[in-house]
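J.: Residue numbers (the working numbering), protein chains in the order written: chain A, 1 to 401; chain B, 1001 to 1229.
Hints are computed from structural coordinates only; laboratory data are not their basis. Take these hints with a grain of salt, some might be off.
With a straight-line Cα cutoff of 30 Å, these simulated DSSO-like cross-link-like pairs (lysine-lysine) come out [what the hints assert, rightly or not]:
no.	chain 1	residue 1	chain 2	residue 2
1	A	K14	B	K1126
2	B	K1117	B	K1035
3	A	K314	B	K1140
4	A	K21	B	K1035
5	A	K15	B	K1124
6	A	K99	B	K1126
It should be emphasised that the depicted structure is a prediction, and the values quoted were computed from it without experimental measurement.
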Amino acid sequence: MKKNEILTAFFIAKKNIIKNKNSLLFTILIISLGFISSIIIYGVLQDVSYDLQENFIETNMGHVILEPYKNQDKIENVNNVVEKIKVLSNILGIAKITKKSARIYDEDENYIDTEILVINPEEFSEVSIVDNIIEKGDFVYKGENDKILMGCVNIESCNEIKAFDTIKLDVGEKARIVPNGYPETFLTLKGIYDHRYAEVERTSYINEETAKEVFSDYNATKADQIIILLPKRECTSEIIEELSKMNLNVEISDWKEKSSKFSSVVDSFTIIGNISFFIGILISSISIYVILYINILNKKTQIGIIKAIGIKSKIVALSYVMLSFFLGIIGSVLGILLTLLMIKYFRFNPIQTEVGELVPQVKINIFIFVSSAIIFASIISGYIVSKKITKQNIIDSIFHG
Amino acid sequence: MAKKIILSVKNLVRTYGEGKAKTEAVKGISFDVKKGEFIALSGPSGSGKSTTFHQLSLLDNPTSGIINFCGQNIIKLNEDDKSNFRLKRIGYVFQHYELLPELTAIENIYLPLMVDKGITTEIKKKAEKILNEMGLLERKDHYPAELSGGEQQRIAIARALIKEPEMILADEPTANLDSVAGIKIMETLKKLNKEKGITIFVINHEKAFEKYFDRIILLKDGKIERIKK
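The shape of chain A in the complex, shown without the other chains (with noise of 0.2 Å):
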């Protein structure tokens, strides 16, 4: 094609632009409810997923999990292993744990039953948020006796969920704790967590001190976990590499591994999020076929006017191409901005869901694949609409348009 017959196609296209705005306007519009349907939900799914990760992450996972191997029952001298990491840079924080299960009862009997993670309360510190959640009491410190953190699920007076069995106990009060294997004993409630996420509230803490009285072969030389925690997700593989070249003699996992008691719901997560990914986009683009075809049905007479006139089918088609690739580029910057205000607006006005609050994410590679399938899908309407409608005979566009 000609310089001067593109221009000519461009010239047609722009004042078709100028002169229909009003029809072309909602047109974008549409274009950019399609682009945002097609993206919404998809960003609140990927939210669900990532927040359901983030919710273990940030309480007692961390990004990296060290674990004896099969055959081994715990990680010996791990004081020397928690050593020997903290060397390596780009590392928040580290803390070792030991993992125990118990029945803990009220007054009355009535009885949950709860994993205790035994923790050193400083480092723990470091690689989880609970000392940061306390609802009521106070987080478990160093040196204390007798002391229990229980999650605020558990305590019937905190629990608004009710979807877990709870007991009937306070701060400062003492209840009865059963080890799975051990003999009871008291602990005092010293506090209550409280955590969006009612799951990882099952979880009670107590400290080193503690753990000696109750567990009578407990040795602190001597865990079930060491967690590690990174300043983000993304910098997991490059640690795991250092670690393995380090031969600690224990089993490293990252989050993502870790996660599998979850994982199956963060794929569902994921497997909808991607459905309706796509279902949005074949939507977002028949619209878009179904609006330009109309928009150009209504330029049949135009059409076969500039035909008579001597000027080439593919003149005409390349015009509605350029106008479907216009309506297709400024939908698409209208649904990003739509798109950002929305997620600003959930930034501020968070969903509340039990799994957390959940704010709609989408990475810029969304927006563009989005963005290319939406502009994509104008200029293939356009170019499919154009072709059919400057194929007619003029005199029936003309005269029957």
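Chain A is already provided as a structure; the job is to place chain B on it using the hints.
T.: Here is chain B on its own, set in the frame of chain A:
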């Protein structure tokens, strides 16, 4: 010296539909048009005048027959060449003007030239010159909806004229105008024919305008009834 034949039509047929629904709008007409002639096609409604014009201007494809324009059978041209024929060699004036509503008067006029020349000062000046000749220069930036019927028709003629075509085909150019505006259009066409030597072929059914034409071809039921000189 005899004038050269610019258009020669032989056995032109246009039928619509098939089987029982088949309608013959033009039934094998033949005639010639000489270069520089001011000629009319006349006849009652439904006689096939507009259908004949649509075939001559290649807006529609005849069922059979030959249309020689300057010796070349234009029916056999491919689609791009047909577009070029309409763009460069003829100008077509519609009964209902058929201006593009998105374009101003001057843009409607110079649009056909843009395909070859782009938007240049030259084509704008040329359009302004024609508008001036038509007495519409002050209306150049008006959109068709802001112009009267007579003004729109003169813009449509200007659009046909700017291409400097060898022939202008005007399909009842005065049909939607009052008598004063109609006379103005006929005077304009006659002037173009006389001063620029353009062959002008008009569909006309008004007795009052018959005096303008060199010849009148009378159609009836898709056939030529007679040719009046």
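J.: Which constraints among the numbered hints does this structure fail? Numbers only, ascending.
T.: 4 and 6
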